[in-house]
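Number of protein chains: 4
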Amino acid sequence: MKKGREMMEENRETMEDKTSEKFGVRTDLAVEVKDMYVEKEKPDKEEVPGVKVKEDTYHDVKVSQIEISKTGEKTLNKKSGSYVTIFADGVKKQDTKMQTNAAKVLADQVKKIMEKNEIKAGSKGLIVGLGNWNVTPDALGPLTLDKVVVTNHLFELNYETVADGYRPIAAISPGVMGVTGMETSDIILSIIQKFDPSFVIVIDALASRSIERINETIQITDTGIHPGSGVGNKRKELSHESLGVPVIAIGVPTVVDAVTIASDTLDYLLKHMGREWKEKDTPRSALLPENMPIRHENLSNEDLPDKEKRSTFLGLVGNLSEQEKRSLLEEVLSTTGRNLIVTPKEIDGFMTDMAHLVAQGINAALHDNINVEADAHYTR
Amino acid sequence: MKKGREMMEENRETMEDKTSEKFGVRTDLAVEVKDMYVEKEKPDKEEVPGVKVKEDTYHDVKVSQIEISKTGEKTLNKKSGSYVTIFADGVKKQDTKMQTNAAKVLADQVKKIMEKNEIKAGSKGLIVGLGNWNVTPDALGPLTLDKVVVTNHLFELNYETVADGYRPIAAISPGVMGVTGMETSDIILSIIQKFDPSFVIVIDALASRSIERINETIQITDTGIHPGSGVGNKRKELSHESLGVPVIAIGVPTVVDAVTIASDTLDYLLKHMGREWKEKDTPRSALLPENMPIRHENLSNEDLPDKEKRSTFLGLVGNLSEQEKRSLLEEVLSTTGRNLIVTPKEIDGFMTDMAHLVAQGINAALHDNINVEADAHYTR
Amino acid sequence: MKKGREMMEENRETMEDKTSEKFGVRTDLAVEVKDMYVEKEKPDKEEVPGVKVKEDTYHDVKVSQIEISKTGEKTLNKKSGSYVTIFADGVKKQDTKMQTNAAKVLADQVKKIMEKNEIKAGSKGLIVGLGNWNVTPDALGPLTLDKVVVTNHLFELNYETVADGYRPIAAISPGVMGVTGMETSDIILSIIQKFDPSFVIVIDALASRSIERINETIQITDTGIHPGSGVGNKRKELSHESLGVPVIAIGVPTVVDAVTIASDTLDYLLKHMGREWKEKDTPRSALLPENMPIRHENLSNEDLPDKEKRSTFLGLVGNLSEQEKRSLLEEVLSTTGRNLIVTPKEIDGFMTDMAHLVAQGINAALHDNINVEADAHYTR
Amino acid sequence: MKKGREMMEENRETMEDKTSEKFGVRTDLAVEVKDMYVEKEKPDKEEVPGVKVKEDTYHDVKVSQIEISKTGEKTLNKKSGSYVTIFADGVKKQDTKMQTNAAKVLADQVKKIMEKNEIKAGSKGLIVGLGNWNVTPDALGPLTLDKVVVTNHLFELNYETVADGYRPIAAISPGVMGVTGMETSDIILSIIQKFDPSFVIVIDALASRSIERINETIQITDTGIHPGSGVGNKRKELSHESLGVPVIAIGVPTVVDAVTIASDTLDYLLKHMGREWKEKDTPRSALLPENMPIRHENLSNEDLPDKEKRSTFLGLVGNLSEQEKRSLLEEVLSTTGRNLIVTPKEIDGFMTDMAHLVAQGINAALHDNINVEADAHYTR
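Chains as they are written, first to last, in the numbering used here: chain P, -4 to 375; chain D, -4 to 375; chain V, -4 to 375; chain G, -4 to 375.
Simulated from the structure, these hints should not be mistaken for lab results. No experiment lies behind these values; they were computed from the predicted model shown. Ideal Cβ positions, reconstructed from N, Cα and C, are used throughout, including at glycine. Any given hint might turn out to be false.
[Said to hold, decoys possible] Away from chain P, derived, C-beta distances all over 12 Å, residues of chain G: (1) Pro44; (2) Lys47; (3) Val48; (4) Leu71; (5) Asp103; (6) Asn112; (7) Lys115; (8) His362.
[As the list claims (entries may be wrong)] With a Cα cut of at most 20 Å, we get these calculated EDC-like pairs of lysine to aspartate or glutamate: (9) D:Lys92 to G:Glu368; (10) D:Lys266 to V:Glu326; (11) G:Lys189 to V:Asp191; (12) G:Lys119 to V:Asp181.
[What the hints assert, rightly or not] Facing chain D, a subset of chain P residues (Cβ under 10 Å, in silico): (13) Trp128; (14) His148; (15) Glu151; (16) Asp181.
Here chain P stands alone, though its shape is the one from the complex:
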């Protein structure tokens, strides 16, 4: 029989693997939105019926909003609801002005999605911070909750002293299964039954499906979220259907796997070569010194070379579909220790600033009396 210690350690590893699955699953939010994008970027295709896509820029922050109706849900096999993506690269760039702007946009978008879900002014809310506080790139939930304005106990203990412009808010970081030994959704469900909030906001770190999206986007949806792996039927999702009250999920991609990095790199490679091919006889290139590498800032699908050239550059791999390419890379990297789930090395600073930004946005969305700019001290 195995000795206990070995058993425990094996199980720890098992949990680790589960965690990576979990990250795999939690990316769904992004994937769904991404699929919409793919459609959008091919203008030759028809608009998808039941799907409204809108892009805007507020305070210099790009926002993409996708609404899927019940019709769209059937067509796309994606859950109906709102999917919002805020492009908040101010954190990566350590630009505090851009961070403040992104917090304002986040506040506005959360308010909008709350209105759409008919959450009443002054109604009681519960904020749930998912993730493992011992794993920096998974700690967005707990870190944000440290900076969120919690007021429910003030309403209960000394109601008369609470100023206008605040609503009762409670907050909980339930931890992860490897730490508590319990299903995270079970913990949340039992607290919700007792606390009986009018709505729930869930914050979580996500796995990114592209190099470029990591540490740059904030995603909001009212279609629900799975705390941890949704593989089995044991783990219940957190959604309006399962909880009986609106659930708004806010997620930020903080990790990416080696498959995605390799897959994205192969894409860039083909586009880069395609662009170079196109440009090689143009005056701009001719003016450059022979040995200076050409850098292409914004590669797009239009830079993708034709089938034959793709084969010349990358052989059989050059003509695989996105899905085939990822499957192949997964097969290649599946050996233990190769398909690393990684995070940028600057993750500590990033998490601090992003938790600050998300808390600022949530505080301003929930309490009329809190303003992103004037009340930065709450989230310090």
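With chain P fixed as given, assemble chains D, V and G onto it according to the hints.
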């Protein structure tokens, strides 16, 4: 009307005050035990009926066990049950050998109290880590939980892989009301209803009622504990009666208030002067150089001078009862900012080592296959 | 022979004791200022020649400035120079507006003392953060340095890109002897010889000589500071004389010992009883319900009862001088483990906010282009 | 003109870029060893003159030792000296038994390299922990120093109490230029001049040149190390030549860039396809269900398909040399934000355990009286 920010800040202060109340209340455990001590130290008094006091030393660690029966409960107006105090000064002294010994004794005592409460081998347990992880001296619960071996999910997910000698254990750090906005006992109760454990172990930092006990003792009881202030009727205690399953509370005094420091100092002062009076013509003293201060390692009640001398030394204050003296000091120090609740400045290192020790003890008590010495790595 | 482990552990303890000595010594700054206060509070005494005392309130923040000339140095046996105390209780009260004001006042006072020491605009400075980063109440230096704007490398690496309004600033946290094994002053001196700054700013946590001053005051002086114990002749002070450039020390009391707590409490006790004696027949007292304790917000020396009453209340102890009382208490508490050096239990939050405040003040004092209010993000 | 804040933020970014350069340079250690490997793996080539390669396994831990003589230095254009690589995957696998074994092997190897460098028993040493404590994957140096036994002050303060079997050791974490504003090598040099040690041990996190090596290997060399980028001529290396005393560098790869991940993946891809091609008609494959992906645990250079098949699989890219492939990928990923430097998401736990392991090894190597297994408490 008050501006929101002011309101919030006032409320934060209010919460702070509540916290000190909380610490005040959570000391009960120690007080009850201490009262027993007082009895014990006066051998002229009769034994209290319904109270069994036992002192022992295992592995060089002093342990005091007090059993109060239903009879004793009435006599003393103290809840019946077991009160155990382990003197674990190895942490303060940074002596790792002494720490290991104290962990072994803790494991034995927790096992004993579990047996007394008829907790079956292999039965499912929940460990609750009370306290605020953002306040170092209040973080014993969360810090210990970081080092506790959690196994319940392994039993649920892959039962066949769990080795013999382990039982299913889950763990939760519910936070404090100022952080979650919810009653801590409500959070725990709802999780217990869902998880349905056979027993509960609660870990918490306590307020000390003496300078000497701080960071030195570990207290265990099966009589229950209040998470936070028990002043109002709102906060439910965590006990066998309220939860329906045995509750074992493990507490360590980590803070002390200025009243206690001043009160203890006045006691030492009287005993010190009493001893000096007695010794002043003895050879030992005569051998000392004139100006060398005399240090008395172990002052006891026998050193207390008589009433008249107490009056000479400390006037009216010298003849106040313990309770009168504390009331007077509370009155004097009650002005905001004077009755500080303080913790030794080395608290960071102390909490790390004590959490390690408590987790070692609990792990070995709960799982037959874990041994304090061989499995130190679990709690590293 | 002792086994190595024992030896190491004993030595660790020895270091601990050294640390408390260190705290004892580092309080000098406060003591000197305090002595001045005592003089000031006795208006019957003549003004001390060579000492200028000034109290002011800027932005609702009380500031006390003491200038000791060479004449005063002889009279008082205190080093000549400036001693400034800022009363910054906004941190303790978690009032962010008051904190911002205190940071502004700190910036102004540091600027003034820099001007007095003829430190030129644009000249190169070194900021030294003393203290042990593993001991929260001793970590003011390292914590502040995390938030200070460091620019020297920018001037060296790409001079042309540095905007006007900044000066070259370097920063170092040298650690403590128990961590590095080296004299802290030696580390600093060798770096200064290499870096050759025009001035040095030293930040350190201090031991408080009164309950009321802890976590409330910021002290500034240009008379130098000792990094660690100054008992032997080994540890060199950091001062204009020893380094050849102006040294500005900024200190905040964060710890207090049990002797001080007990001593202050005995003082309050006498004043409290004195006041009560005086007031006992006044209408105000008569209107209060019998059993309601009387709280005296602001006790002063005028409340001290006469010699006879002091004897009635506190016996022999009631008529000891300040110095005699402290010596007696030190004798009583000197047994290991009783004269605790303690810190308020909320120290974690306090250190974060105070480091923020001090860094804000220093940044604004050093760089014309940085403003306490607009540039809070630097110190987040 | 640029506003100061923008300037500061740009400069922060510049520093970030410098950091990545730094990581790029610090990998040299690994690269040199790797080059040796490549030679070794091609047995058809002759042995390189002046290079001794030895592989061994102690305590189940694989160790590779490479000695380059002055002759080898010329042939290879690599600095002469010892290069040792310890394969310590016990940390990644959270296997404490394997970690203890790796610590023992590290202790032995450090002792050997100390003997080779004629470092005398009992002689005085300085341990330098390079890296940024605010960036988890760069914090190996500071984290290890927290657990190293520092004794120099004990020898200076109370020589007679130090037990046999210890030597005087001091330790310093100088920080990084972005934090101190000073050249790290300048700080170290000035301290060395003052402290005058007989030898220096430098600990640092490295950039990995392969996915598989990250968080798995410990590298030791006596050929010196650069603290930060060695691009310009400003930053001096730390070596026997520059410091006048032996320098032993201990490094652990903790980060990897996207170019390496993509490059390694392309290698695996070719080998994977080559293996599959070879195996496709073998019985083993035939027994597998059609749609079950084949996983190849240990791909080696022998699996690499021939030139023609490489072209079929990966086009032009399939036949690039290692250097050409990396250059191409660097060109493609060079656009800001794409060539991420990343670290495994479990980095927090990894750093804690690796710092523990390295400190255990160093303590046992330096002090005869410390034993990896018995004295684990020093590094807890």
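The hints, checked one at a time:
no. : hint                 : in the structure
1   : Pro44                : holds (35 Å)
2   : Lys47                : holds (30 Å)
3   : Val48                : holds (25 Å)
4   : Leu71                : holds (27 Å)
5   : Asp103               : holds (25 Å)
6   : Asn112               : holds (32 Å)
7   : Lys115               : holds (39 Å)
8   : His362               : holds (29 Å)
9   : D:Lys92 to G:Glu368  : holds (14 Å)
10  : D:Lys266 to V:Glu326 : holds (12 Å)
11  : G:Lys189 to V:Asp191 : holds (16 Å)
12  : G:Lys119 to V:Asp181 : holds (17 Å)
13  : Trp128               : holds (8 Å)
14  : His148               : holds (5 Å)
15  : Glu151               : holds (8 Å)
16  : Asp181               : holds (5 Å)
This entry satisfies every hint, going by the numbered hints stated previously.
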